[in-house]
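Engineer: Spelled out from the first residue to the last, the chains are:
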Amino acid sequence: MAAIELHGISKRFRFHGRPATTLKSAVLELVRGRSERARERITALRDIDLTVEAGQTLGIIGANGSGKSTLLKLVAGIYRPDSGTLRVQGRVAPLIELGAGFHPELTGRENVVINGIILGLSQREVRRRLDAIVEFAGMQEFIDAPARTYSSGMYMRLGFAVAVHLDPDVLLMDEVLAIGDEAFARKCADRFAEFRRVGKTLLLVGHEAATVERWCDEAVWLDHGVLRAAGPPHKVIDLYRQAMSEQESDTLARSYAEPATPAAVAGAGRAARDRWGTGEIAIERVRLDDTYGDERYVYSPAEPVTLRFEYHVHRPVDHPVFGFAIVRNDGLWIYGTDTSLAKVAVPELGTSGAVEVTLDALALVAGRYFVDVAVHAADGTPYDYHSRRYPFSIRDDAAERGVTKIHHRWRIAPGGGGGRV
Amino acid sequence: MTRAFRELLAYREILLILIWRDLKTRYRGSVLGFLWTFLNPLLLMVIYSLVFSVYMRVDIRAYPIFVFAGLLPWIWFSSSMLSGASSVVDSGTLIKRVPFPPQILAAVSVSAALVNFLLALPLLLVFMMIWGLPIGWSLLLLPLPIAIQYVFTLGLTIVLSMLTVRYRDLQQLLANLLTLWFFLTPVLYPTAMVPAQFQGFLMLNPMAVLVASFQDALYGAQVPSLIHLAPVGALALAVFAGALALADRMRWGLAEEI
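Protein sequence lines, in the order shown, are assigned to chains A and B. Counting in my numbering, the first sequence runs from 1 upward without gaps. Counting in my numbering, the second sequence runs from 1 upward without gaps.
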């Protein structure tokens, strides 16, 4: 049986939230006519079909502004859809923002009672659960102090404690799993697991794909208000990640497309912070290609990458040297080399041509990096130096630490019971 | 029956607990606390008595009692409207986080002010006894004007609280309007003092009828004019019904606009 059913749900908002914010502007609007801008609407959700079976945990992923929270608020009954039908079975506990209606002057205990009643418990039910709630929040010492004396962490803990004691049929969560200290986060995770075990329906919104992958039976991906994919979490997350890296790659590509400033090259010395040199040889059209020769700026650590750029000789020189370097976005030099160090013979250059360097694998941990390229004289005088102009990104599911991925193999051999060491 | 009205009934437990919260937070955190409720009408009574009874020598029997009997229902009315107008905006976090019928918040404002009114009534009766004024059986009729004023004020406050979400300057405007309305309402002067040709105009003001009823029942120890109260009661119900209809219509836009 379906616990949550959405058919053809659409939701639009006014562009600026409201047409007029004061009586004065409303009167002016009447006189002058409503501005185009005030009439503009943005679509938060478009034609969403979604079914969550009872006892299922569904994860919603998507970028900021993709409509995740709007969807949750529709299911919670805080918003009403513009079109479509929505059906929710059973008591809903919205953990969208915690501590709804907490009043700073009242004590924690009083706030728990009010919060519980607002969330749908009867007064008797709240009083019966009060001790459990306070204990869950770990607030025994402070529960009779006014809420204004609480830290924001205590506020959140108490709000969460009330919400998980509602005994809901459907639980809606918006990224509140990672609240409080580690001990509290673990308690929350336990509670969450218990909810799943006893067959509650859960709708979970998260930016963290890992959270969705770990907890959810099914996942959907919202993109600008449209349901782009639905299915097993790992599949949906793969599609989502792929789209995200394509999007990032497109953004990064814009840095490469910016035309080089010839003035900076002609004028010797540091005319521009990201490009300098005496200008005998100029570097242009820098790009990174993947193994298929497609321009791309997001890579996995194991992929081969080809760095390509063109050169133009303005005044012929003897023994030019080409070089490149990989720099982390905080300025850490990771690797730098040139044709002279690599003992690569540079042929007669002619008036123009192309240079290609193939890197078998970047073997870097996930993060943002730059590739610097340069052509200089044998004594190091730069003809053209491009620094921190060309960003690229490494994406990796593994959250390793450090700078580079060092290849390794594990072997664990327990001693004693016949294991060979 | 509108959905908004059913919600008012369904949420009565929350309503009670929010009224309790409202009163509790008002009296906690201020040194004068509970006394504050009485202090405001008492000070007004003293000042108005000084101005009108002593300086201007208006000849009305037991003028301070007369003024106090009119001030109490007026303060109930005006403080309900003033605190009620911003109630939905002030509870924006609530409206945005959980499904919550906003008319409850207006009802909290009006009800909390009613509690203050009821708590101040015995004080008035004590003054009357000290002054030697008779306390009549008409006192037993008080629930009638109270009920009418409650419904009337609640209707207006619901409308105001929702419109304030969109038009934030409404509250300042309201404070000014209430001052004007106060002087058009016979709190400081008895209706009998108003020249005959203006009597009809005076009675167009529902608050004039209500305040006069309270003064009659308390200070005058006589039965309030039911002929005047009946149409005000009908008006109150109409305003209330209109407000609930508006609440049904505006309800869903509120969470998006706050």
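It is worth saying that the hints were derived from the structure and are not from the lab. Beta carbons are placed, not taken as given, at the ideal position from N, Cα and C, and that holds for glycine. Heads up, a few of these hints could be off.
[To be verified] Far from chain B, some chain A residues (derived; all Cβ distances over 12 angstroms):
1. M1
2. E5
3. Y79
[As the list claims (entries may be wrong)] With a straight-line Cα cutoff of 20 angstroms, these simulated SDA-like cross-link-like pairs (lysine to any residue) come out:
4. A:K343 - A:A378
5. B:K96 - A:D174
6. B:K96 - A:R12
[Said to hold, decoys possible] Quick look at which bits of chain A chain B covers, simulated, 3 or more residues with Cβ under 8 angstroms:
7. 102 to 116
8. 322 to 330
9. 392 to 401
Engineer: Hint by hint, note whether the structure agrees.
Structural biologist: Hint check results:
no.	hint	verdict
1	M1	holds (23 angstroms)
2	E5	holds (18 angstroms)
3	Y79	violated (6 angstroms)
4	A:K343 - A:A378	holds (12 angstroms)
5	B:K96 - A:D174	holds (14 angstroms)
6	B:K96 - A:R12	holds (16 angstroms)
7	102 to 116	holds (count 6)
8	322 to 330	violated (count 0)
9	392 to 401	violated (count 0)
The earlier numbered hints that this structure contradicts are 3, 8, 9.
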